[in-house]
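Chain A is fixed; fit chain B onto it per the hints.
Chains A and B supply the protein sequences, listed in that same order. Per this note's numbering, the first sequence starts with residue 24, numbered consecutively. Per this note's numbering, the second sequence starts with residue 24, numbered consecutively.
For the record, the hints were derived by calculation from the structure and aren't laboratory data. Errors might be hidden in some of the hints.
[What the hints assert, rightly or not] Some, not all, of what chain B presents toward chain A, calculated at C-beta under 10 Å:
#1 66
#2 67
#3 186
#4 213
#5 241
Backbone N, C-alpha and C fix where the C-beta goes; we use that ideal spot for every residue, glycine too.
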Amino acid sequence: MGFKFKSVETKWMEERESVMNELIRLPRRNFVRVAGAAAGAVLAKSLLPPHSFQLIEVVKAASPESPAVNFSIAYVSDTHIYTTKLNDRFVRSALKAVDDVNRLDPQPDFVLFGGDLAQLGKPEELQLGVQILKGLKAPVKMMVGEHDWYLDLGETWKGLFGPPNYSFDHKGVHFVVLNSIIEKDFWTARGMTPEQRMQTVAGLDNGVQSRFEVGEPQRMWMQQDLAKIPHKTPIVVFSHSPLYKYYRPWNFWTEDADEVQTILKPFQTVTVIHGHTHQVLSNRIGNICFHGLLSTAWPWPYAPEGLPKLTVQMSRANPFDMNDGVGNGRIDVLTDGLVNKIYNLWDRNPVSVPASYLKSNGTKNRPAEPTFDSY
Amino acid sequence: MRKFHILLFMPAAVMLAGGPDTPHHEAPDTRNGNVVVELCDGKTSLEVKGLKPGETMNPDQAKDVANQLMLAWQKKNPGMKWDMAADTAKDAKGKIPAPGTESPEKKQFETYGNYTSRDEFIWKQEYDKFVAEGNRIFHDAKAFGGTVGISCDMCHPNAANTHPETYPKYQVQLQRVALLRDMINWCIENPTKGKPLADDDTRLRAMEAYIMSQRKGVPMEPGKH
Chain A
24 MGFKFKSVET
34 KWMEERESVM
44 NELIRLPRRN
54 FVRVAGAAAG
64 AVLAKSLLPP
74 HSFQLIEVVK
84 AASPESPAVN
94 FSIAYVSDTH
104 IYTTKLNDRF
114 VRSALKAVDD
124 VNRLDPQPDF
134 VLFGGDLAQL
144 GKPEELQLGV
154 QILKGLKAPV
164 KMMVGEHDWY
174 LDLGETWKGL
184 FGPPNYSFDH
194 KGVHFVVLNS
204 IIEKDFWTAR
214 GMTPEQRMQT
224 VAGLDNGVQS
234 RFEVGEPQRM
244 WMQQDLAKIP
254 HKTPIVVFSH
264 SPLYKYYRPW
274 NFWTEDADEV
284 QTILKPFQTV
294 TVIHGHTHQV
304 LSNRIGNICF
314 HGLLSTAWPW
324 PYAPEGLPKL
334 TVQMSRANPF
344 DMNDGVGNGR
354 IDVLTDGLVN
364 KIYNLWDRNP
374 VSVPASYLKS
384 NGTKNRPAEP
394 TFDSY
Chain B
24 MRKFHILLFM
34 PAAVMLAGGP
44 DTPHHEAPDT
54 RNGNVVVELC
64 DGKTSLEVKG
74 LKPGETMNPD
84 QAKDVANQLM
94 LAWQKKNPGM
104 KWDMAADTAK
114 DAKGKIPAPG
124 TESPEKKQFE
134 TYGNYTSRDE
144 FIWKQEYDKF
154 VAEGNRIFHD
164 AKAFGGTVGI
174 SCDMCHPNAA
184 NTHPETYPKY
194 QVQLQRVALL
204 RDMINWCIEN
214 PTKGKPLADD
224 DTRLRAMEAY
234 IMSQRKGVPM
244 EPGKH
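Here chain B stands alone, though its shape is the one from the complex:
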């Protein structure tokens, strides 16, 4: 069975739907009014014959498109191995850890379960980066839009007293059930005199990640007062 390395291809229109900081590529314009599909190297693309915007491909068609894209990429990069994660996988010394000795295929045939310790290493790096970004924003009086010089850590060193494990709960002062993000936004609006962040704002998401990371191991107790 042919193994698929490309999992990330999507119509150009969808690529724009990411958050404000999500990297995205500019696919070339369509020539004949068909959908343009781009490989996630950001350079290789093809126009799918007969596929108009809004229409979906059947699985065979999609596989065929993926194969064509991969073939085009391999032609441009003879002898190279497709590995998007290579750069992010480097450790502190700049080395890429060796792939696990056991072949994932022997364990199971499901993509989700098909991972090695190397994959876990990469995922941890991604998680740590996200938490570090939250840490940075949490400690910067301006990064989240505060206007009076007050940063979150001034009252909450190491996110102490943010007790994310107690949310959601009925927040008496707000007279409704609140999520952690409601409280983050309350603090942004009031003590720090900023504007509340949208639910999908990367800064809000990163701050949530940082706050949670600081309470690792504490039992969840939603609703606790």
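In isolation and in its complexed conformation, chain A is listed as follows:
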């Protein structure tokens, strides 16, 4: 027996799916035309709550002040995988993200993995992570998170991926990757086992662990690395923790953020891309624009205080939908070195935080407002 009536949700999902299917078959040069047509069709049918499913690139194409895309980076972050035997949910989510990125056409120049590959830093978890990331077609740049680190203080991770801090140049942009999750020793005095240390760091709200920092040796390395780079060269920094002070009790925080920002100050165009916070998060401090990454595993609530003013929050997640509030995304690096940040929220409209939004201090191209605010 067929259903005579379709719910609003069903219609919406069908519409989204059909548009998606169209897009997959579409060469990029036709994208803008179809996107425009789709938005037009949506408008004509007055289906529009303003943030109903619309194609994000329309905004970009329609905005004359936005420079062209130089190249794209895809990201997958905070997969927090356990061994499959204990819990395969996060493994399945990580695989879903890999599929998502592999479906991008054209393919990104590379994929950033934003840290916290494992949940409890176990060699089995990290090795499983390696196998999953091997599925990516594009090359991968790895970043380390605290969940990868505090069982054996990075031994396994470094064995698999090499040094956690490094730099490289790509199409005129200088990239710096940091290990920003260094903590002062809180475990020896407490006589903790490596497992207890890991479990402590794995929690946000215990107050026992130390605050994250980049640390002096790494800051010196960074200074030396940047000494040879002209100040006009766009800089993109990857760090797991936000390189600013958001909310200390949850370690949404880098203790020596101010010192790191000082090192980046002489450069005209600086972008920091960070993981760890599992939410849509935007900030700008002087010359530095900051963007958070989504987790594939679970979303985190916004902290009760300290949220940057420029952040337009994502809707609070539906706990009944394990794909809500999570996802992966893309970083489009523009010819002027700034970036458009795309949050590909699974089961929701994607959210775009364009460079022009942060550049204009929030006066232009404001991202879509959340449908449901945080409590």
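Structure of chain B alone, referenced to chain A:
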């Protein structure tokens, strides 16, 4: 007027009705088929002549039983003051705070209102202990029966986004009015793959206490979406 210190005496059968973690004492078996009443020291008891299981005492009888029990206790503990709460009342340094200077009897004659700052200290300790237990369970992937390594705090640091002040409310996804505990149990059953806890399960009660404690000062808004 004689002052009663013993408020907690009850037939042995009732003593077993507590939750799984409630401390209880094993009263000696009855010798003549009468009800055995036990003092809450867990050691002193007496069999009430002529009182069969299921029957109740009249107030005079009950007072008499209480007096007899207290007398027996005092005989066993000459010179001691009856004070069950002494151990729990110790502060961080192991000291027991001095009783308030004003006598509670001068304020009012009702037991409920008869409390001093010392009593409040004890009650706060009890509350804090309960909340701390909830905190522990909330942060332990196994304590509430989860089977996939996921603990509550992984999505809800400091119980954020649990918004207990909005319950009860019509929970659209469940298609009925839900209480906070229904949502706790939903999370236990689904993301953490455990079995829902019974309404009187101490772990559920403690987790509710912890969650509420984290939202202290937030206005109640039951029904809010």
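Hint check:
This hint is violated: residue 66/B has a C-beta 39 Å from the nearest C-beta of chain A, more than the 10 Å allowed. A distance limit of 10 Å between C-beta atoms decides the matter here; for residue 67/B the minimum to chain A is near 44 Å, and the interface restraint is violated. Evaluation of the residue 186/B hint against chain A yields a held restraint, the C-beta minimum of about 4 Å falling below 10 Å. A least Cβ separation of about 8 Å between residue 213/B and chain A falls short of the 10 Å threshold, and the interface hint therefore holds.
With 10 Å as the threshold, the beta carbon of residue 241/B comes within range of chain A, its nearest partner Cβ sitting at about 9 Å, so the hint holds.
Hint compliance for this structure: hints 1 and 2 are not met, and every other hint is.
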